[in-house]
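Engineer: Each chain, letter by letter, is given below.
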Amino acid sequence: MTSLLIIAVLVLLGIAIWQLTKIFHLTQLGATVREENTEVANDRDNNVNGYLMFGFLGFIYIFTIYSMVKWGHLVLGTPASEHGPQYDNLMAISMWLIFIVQTITQFLLHYFAFKYRGKKDNTAYYYADNDKLEFIWTIIPVVVLAGLILYGLYAWTNIMFIDDDKEEALYVEVYAKQFGWEVRYAGEDGVLGKANIRYIEGINTMGVDMSDPNAQDDITATELHLPKGKKVIFKFRSQDVLHSAYFPHFRAQMNVVPGMVTQFGFTPTITTDEMRLDPAIMDKVSNINNIRSKKSADLIAKGGNALDPYTFDYLLLCNKICGASHYNMQMKVVVDNEADFNKWLSEKKTLGVAVKESQAGDEPHEVEVPMADPANNIDQDTIKATVDSTAVAQNR
Amino acid sequence: MSAVGHETHGEHDHHDAHDHHHKDTFITKYIFSIDHKMIAKQYLITGIIMGIIGIMMSILFRMQLAWPEESFTIFKVLLGDNFAPNGVMRNDIYLALVTIHGTIMVFFVLTAGLSGTFSNLLIPLQIGARDMASGFMNMISYWLFFISSVIMVISLFVEAGPASAGWTIYPPLSALPQAIGGSGAGMTLWLVSMAIFIASSLMGSLNYVVTVINLRTKGMSMTRLPLTIWAFFITAVIGILSFPVLLSAALLLIFDRSFGTSFFLSDIFIAGEVLHYQGGSPVLFEHLFWFLGHPEVYIVLLPALGITSEIIATNSRKPIFGYRAMIASILAIAFLSTIVWGHHMFISGMNPFLGSVFTFTTLLIAIPSAVKAFNYITTLWRGNLQLNPAMLFSIGLVSTFITGGLTGIILGDSTLDINVHDTYFVVAHFHLVMGISALYGMFAGIYHWFPRMFGRMMNKNLGYIHFWVTAVCAYGVFFPMHFIGMAGLPRRYYTNTAFPLFDDLQDVNVLITMFAIIGAAFQLVFLWNFFYSIFRGKKAPMNPWRSNTLEWTAPVEHMHGNWPGEIPEVYRWPYDYSKPGHDEDFVPQNIPMKDGEEQLHH
Ligand code: HEM
Ligand SMILES: [Cu+2]
Ligand SMILES: [Cu+2]
Numbered sequence: 005m006t007s008l009l010i011i012a013v014l015v016l017l018g019i020a021i022w023q024l025t026k027i028f029h030l031t032q033l034g035a036t037v038r039e040e041n042t043e044v045a046n047d048r049d050n051n052v053n054g055y056l057m058f059g060f061l062g063f064i065y066i067f068t069i070y071s072m073v074k075w076g077h078l079v080l081g082t083p084a085s086e087h088g089p090q091y092d093n094l095m096a097i098s099m100w101l102i103f104i105v106q107t108i109t110q111f112l113l114h115y116f117a118f119k120y121r122g123k124k125d126n127t128a129y130y131y132a133d134n135d136k137l138e139f140i141w142t143i144i145p146v147v148v149l150a151g152l153i154l155y156g157l158y159a160w161t162n163i164m165f166i167d168d169d170k171e172e173a174l175y176v177e178v179y180a181k182q183f184g185w186e187v188r189y190a191g192e193d194g195v196l197g198k199a200n201i202r203y204i205e206g207i208n209t210m211g212v213d214m215s216d217p218n219a220q221d222d223i224t225a226t227e228l229h230l231p232k233g234k235k236v237i238f239k240f241r242s243q244d245v246l247h248s249a250y251f252p253h254f255r256a257q258m259n260v261v262p263g264m265v266t267q268f269g270f271t272p273t274i275t276t277d278e279m280r281l282d283p284a285i286m287d288k289v290s291n292i293n294n295i296r297s298k299k300s301a302d303l304i305a306k307g308g309n310a311l312d313p314y315t316f317d318y319l320l321l322c323n324k325i326c327g328a329s330h331y332n333m334q335m336k337v338v339v340d341n342e343a344d345f346n347k348w349l350s351e352k353k354t355l356g357v358a359v360k361e362s363q364a365g366d367e368p369h370e371v372e373v374p375m376a377d378p379a380n381n382i383d384q385d386t387i388k389a390t391v392d393s394t395a396v397a398q399n400r
Numbered sequence: 002m003s004a005v006g007h008e009t010h011g012e013h014d015h016h017d018a019h020d021h022h023h024k025d026t027f028i029t030k031y032i033f034s035i036d037h038k039m040i041a042k043q044y045l046i047t048g049i050i051m052g053i054i055g056i057m058m059s060i061l062f063r064m065q066l067a068w069p070e071e072s073f074t075i076f077k078v079l080l081g082d083n084f085a086p087n088g089v090m091r092n093d094i095y096l097a098l099v100t101i102h103g104t105i106m107v108f109f110v111l112t113a114g115l116s117g118t119f120s121n122l123l124i125p126l127q128i129g130a131r132d133m134a135s136g137f138m139n140m141i142s143y144w145l146f147f148i149s150s151v152i153m154v155i156s157l158f159v160e161a162g163p164a165s166a167g168w169t170i171y172p173p174l175s176a177l178p179q180a181i182g183g184s185g186a187g188m189t190l191w192l193v194s195m196a197i198f199i200a201s202s203l204m205g206s207l208n209y210v211v212t213v214i215n216l217r218t219k220g221m222s223m224t225r226l227p228l229t230i231w232a233f234f235i236t237a238v239i240g241i242l243s244f245p246v247l248l249s250a251a252l253l254l255i256f257d258r259s260f261g262t263s264f265f266l267s268d269i270f271i272a273g274e275v276l277h278y279q280g281g282s283p284v285l286f287e288h289l290f291w292f293l294g295h296p297e298v299y300i301v302l303l304p305a306l307g308i309t310s311e312i313i314a315t316n317s318r319k320p321i322f323g324y325r326a327m328i329a330s331i332l333a334i335a336f337l338s339t340i341v342w343g344h345h346m347f348i349s350g351m352n353p354f355l356g357s358v359f360t361f362t363t364l365l366i367a368i369p370s371a372v373k374a375f376n377y378i379t380t381l382w383r384g385n386l387q388l389n390p391a392m393l394f395s396i397g398l399v400s401t402f403i404t405g406g407l408t409g410i411i412l413g414d415s416t417l418d419i420n421v422h423d424t425y426f427v428v429a430h431f432h433l434v435m436g437i438s439a440l441y442g443m444f445a446g447i448y449h450w451f452p453r454m455f456g457r458m459m460n461k462n463l464g465y466i467h468f469w470v471t472a473v474c475a476y477g478v479f480f481p482m483h484f485i486g487m488a489g490l491p492r493r494y495y496t497n498t499a500f501p502l503f504d505d506l507q508d509v510n511v512l513i514t515m516f517a518i519i520g521a522a523f524q525l526v527f528l529w530n531f532f533y534s535i536f537r538g539k540k541a542p543m544n545p546w547r548s549n550t551l552e553w554t555a556p557v558e559h560m561h562g563n564w565p566g567e568i569p570e571v572y573r574w575p576y577d578y579s580k581p582g583h584d585e586d587f588v589p590q591n592i593p594m595k596d597g598e599e600q601l602h603h
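As you go down the protein sequences, you meet chains A and B in turn. Quick note: the first sequence uses this note's numbering, first residue 5, plus one each step. Quick note: the second sequence uses this note's numbering, first residue 2, plus one each step.
Don't read these hints as lab results, they were simulated from the structure. Keep in mind that a hint or two might mislead.
[To be verified] Under the rule of at most 27 Å between Cα atoms (straight-line distance), these lysine-lysine pairs were calculated in the DSSO-like manner:
| # | chain 1 | residue 1 | chain 2 | residue 2 |
| --- | --- | --- | --- | --- |
| 1 | B | LYS77 | A | LYS299 |
| 2 | B | LYS540 | A | LYS124 |
| 3 | B | LYS219 | B | LYS595 |
| 4 | A | LYS239 | A | LYS298 |
| 5 | A | LYS336 | A | LYS232 |
| 6 | B | LYS42 | A | LYS123 |
| 7 | A | LYS123 | B | LYS219 |
| 8 | B | LYS30 | B | LYS42 |
| 9 | A | LYS336 | A | LYS239 |
| 10 | B | LYS42 | A | LYS124 |
| 11 | A | LYS136 | A | LYS119 |
| 12 | A | LYS124 | B | LYS219 |
| 13 | A | LYS235 | A | LYS198 |
| 14 | A | LYS299 | A | LYS353 |
| 15 | A | LYS306 | B | LYS77 |
| 16 | A | LYS74 | A | LYS298 |
| 17 | A | LYS136 | A | LYS124 |
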């Protein structure tokens with residue numbers, strides 16, 4: 005497969021060189037007879053390259069259309085949060101604007117390059133400045149951008165400013181480490197207990213301060229479950245390096261900074277089950293499954309294992325370079341309706357109970373603290389360790 | 002050719018036959034030269050070599066992205082068994098390659114290689130000076146750059162890998178060897194190399210500024226300066242203002258790494274133990290870094306825009322449209338570029354109110370940029386375009402500058418940045434607007450001033466091939482990246498196949514890599530043309546492009562002092578192309594105004 009592609013590349017390359025030299029050679033033949041080649045563009049060069057400029061305009065247009073037809077469906081679809089449609093709307097407006105400006109300016113640029121290609125006896129038009137024109141193309145961007153800025157800032161304010169006192173919201177801490185995520189719910193009192201990495205001990209992998217009364221009813225988990233239709237306010241902490249909590253389907257992202265708590269809030273509006281029935285998502289999933297089954301066939305032919313089929317799930321991805329396994333630092337996000345969510349949460353032990361049990365328990369030292377090993381290549385082990393340590397916390 | 006031009010030329014014929022040769026030894030002429038023209042060539046060659054390394058790296062990691070975790074002989078050969086066991090690239094080495102690729106392209110190729118080459122070559126020649134204000138400091142500047150390049154290359158051979166924290170080297174990742182192997186000795190070398198680089202850049206910039214202010218020839222007022230000089234001048238000013246901030250960030254990071262201070266680090270638990278750091282903030286580093294980092298984008302870009310202004314005017318046989326507006330735009334961009342850095346940090350955890358402010362300033366900077374683009378297009382209008390390779394690259398620059406600049410409207414809008422930040426959308430944006438555009442500017446400059454540097458012409462047909470294939474491949478590589486970015490694909494991922502979400506992006510990734518390989522391969526055409534023409538190119542006439550600026554009035558022969566006789570005096574602005582009332586379609590700056598000739602521009 006690979007060698008085939010490489011050969012294809014080489015062949016294409018060869019053809020391209022051959023064709024191009026031929027074109028340029030042809031254009032020179034006549035010229036060399038009549039005048040010496042000075043390596044300065046002559047009328048023939050201007051002509052050929054002028055036409056190529058026009059052709060290049062075609063290339064840009066066609067490639068743009070081709071990309072949109074071929075890859076348009078890859079772009080993230082239905083947003084799953086309350087502010088998502090507003091985000092997508094602003095994006096659509098900006099995209100249309102860009103698209104129009106791009107089409108016009110590229111046309112003018114390449115068309116002029118073609119139209120005014122030099123000829124020996126032509127003279128250019130001495131045109132040094134024009135204040136009116138200059139004013140027009142200063143003021144148009146000013147007005148258009150002012151509109152965009154106003155809309156953008158309005159949306160930004162809506163999304164980003166979180167009023168902790170007022171909001172009737174679910175508080176969730178998302179905790180990052182090389183290379184995994186953990187979450188902590190505020191519990192019944194709705195307040196997250198204090199925490200610092202210096203409290204990390206045993207199953208208390210997030211360093212919650214167990215002497216804080218607010219911490220007792222906190223609940224930790226390794227999967228992020230969210231209730232539909234309720235505002236969720238995330239508080240982000242990292243124990244080692246910068247990470248970024250990226251929820252592409254919810255149009256949400258915030259960096260996770262060691263030594264500091266950052267925050268972001270959104271309201272999920274579509275449950276995981278509902279999203280799986282979204283037509284675009286269904287197409288995407290079946291497309292991906294086709295790709296995977298082809299890959300699986302290849303793998304099996306080579307004596308490997310088949311890939312699992314794909315079912316859609318929301319993901320939380322790490323989106324700030326954080327080390328060797330940055331590319332695989334992700335966590336499943338499940339949006340349920342509120343009743344299911346509450347049920348899921350109520351089945352979990354509170355941290356206070358879990359910690360006490362583990363201290364009283366027989367083998368607390370068995371709990372592994374996940375470690376980052378820089379020498380470790382593909383840190384699958386680390387990720388497993390993360391999962392394990394918290395799994396213990398839940399099950400005991 | 003004008004009367005005065007002939008005069009100067011004639012004079013030099015007498016002079017240099019017996020004047021300059023016996024003074025120079027090989028060492029003072031080619032190595033420790035204090036002549037700005039030789040230093041320019043040194044910058045250029047060093048920049049090209051670093052460019053080859055940087056582009057090679059991008060091909061390697063693009064191959065990994067297209068065919069993840071497959072074994073390639075070329076990995077075995079180039080990366081060795083340590084970095085690519087059994088020919089499969091290691092995941093931290095992927096990050097190392099991305100990091101060094103970014104660093105080399107931004108700083109070593111497009112800052113030093115581009116600005117260093119053409120500022121050195123053109124500032125004295127175009128303003129009519131015998132050399133830089135301080136030739137000695139200029140020499141030191143080059144050699145510091147050389148040393149920093151060597152150190153950066155040496156860092157590739159560190160056992161645990163070179164710096165791998167991204168070209169932005171955000172701590173704590175860049176500060177803790179426990180976090181990634183490259184943050185050990187590799188990072189130390191990176192920091193040392195960059196500190197030396199900054200010293201070099203500052204010396205160069207100070208020299209440029211002083212030279213432009215003090216050494217302009219008689220009649221060369223600021224409003225008669227070619228736009229190249231304006232661009233180099235303002236670039237140097239921005240560099241002087243912002244590079245020291247990066248230096249301070251680097252120094253503080255060195256303190257944190259080596260002396261246990263906590264400027265950027267706090268509350269860290271790693272490898273099973275709590276580190277002592279307390280009270281620092283990685284966000285502070287981000288502020289310091291981007292206070293340089295954003296102006297850096299313009300440090301890379303403005304010289305390219307200056308170069309193309311000159312080339313587009315010359316080859317359109319028309320004055321550049323809106324000379325004063327162009328200067329005003331350069332000044333506006335320079336000013337605004339120092340107050341927009343926060344757009345890289347909308348979601349860093351800083352106060353959202355700051356995000357609003359930075360959105361505002363960022364979209365403001367779109368305005369002078371738009372003005373420049375429109376002015377270029379209008380310059381082409383009703384011109385008599387001489388489509389030399391340099392001209393093609395200049396037009397190409399305007400094209401990619403527009404395509405890449407427009408997506409800046411999305412990234413500069415704090416709201417929209419939320420979901421595309423750090424995805425391939427960003428990679429597409431900055432490569433087009435900064436990487437490819439500046440690279441085109443560099444190529445344009447090389448094709449245009451090659452005769453001035455080496456006294457020979459480059460082969461135009463190879464130049465055409467080089468341009469057209471590069472133009473197609475550049476779009477082929479970076480245009481599709483917008484789509485995979487909007488699919489949510491984060492950048493700096495070793496592979497996109499670790500979980501199924503991005504499986505459907507694989508064929509796009511393969512296509513991108515194919516374009517990248519073809520595009521890179523065709524740079525060989527350029528390299529061949531460049532090195533072959535240095536020795537075997539057609540001898541160049543003194544002013545092959547029939548250009549107005551002063552550098553074309555000086556003889557090509559190696560000579561300290563540029564002009565054998567008097568320095569030419571300047572009587573007009575540099576853009577009197579196709580001016581009515583003259584026989585030729587160009588009137589060099591050293592031609593006095595005719596009786597009753599009017600200045601037709603303001
Ligand atoms: C053949 C041409 C090039 C190709 C194929 C290429 C490809 C890439 C890709 C795919 C990445 C992103 C990798 C990632 O984020 O995971 C990247 C990063 C980067 N490239 Fe290029 N690039 C090319 C030329 C350039 C040029 C001319 C510049 C000059 C500005 C440049 C500057 C950068 C920078 C600054 C980064 C970011 C590095 C980082 O994330 O730390 N590249 N390149
Ligand atoms: Cu991470
Ligand atoms: Cu910026």
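Engineer: Mind listing which of the numbered hints don't hold for this structure, in increasing order?
Structural biologist: 4, 6, 7, 10, 12, 14 and 17
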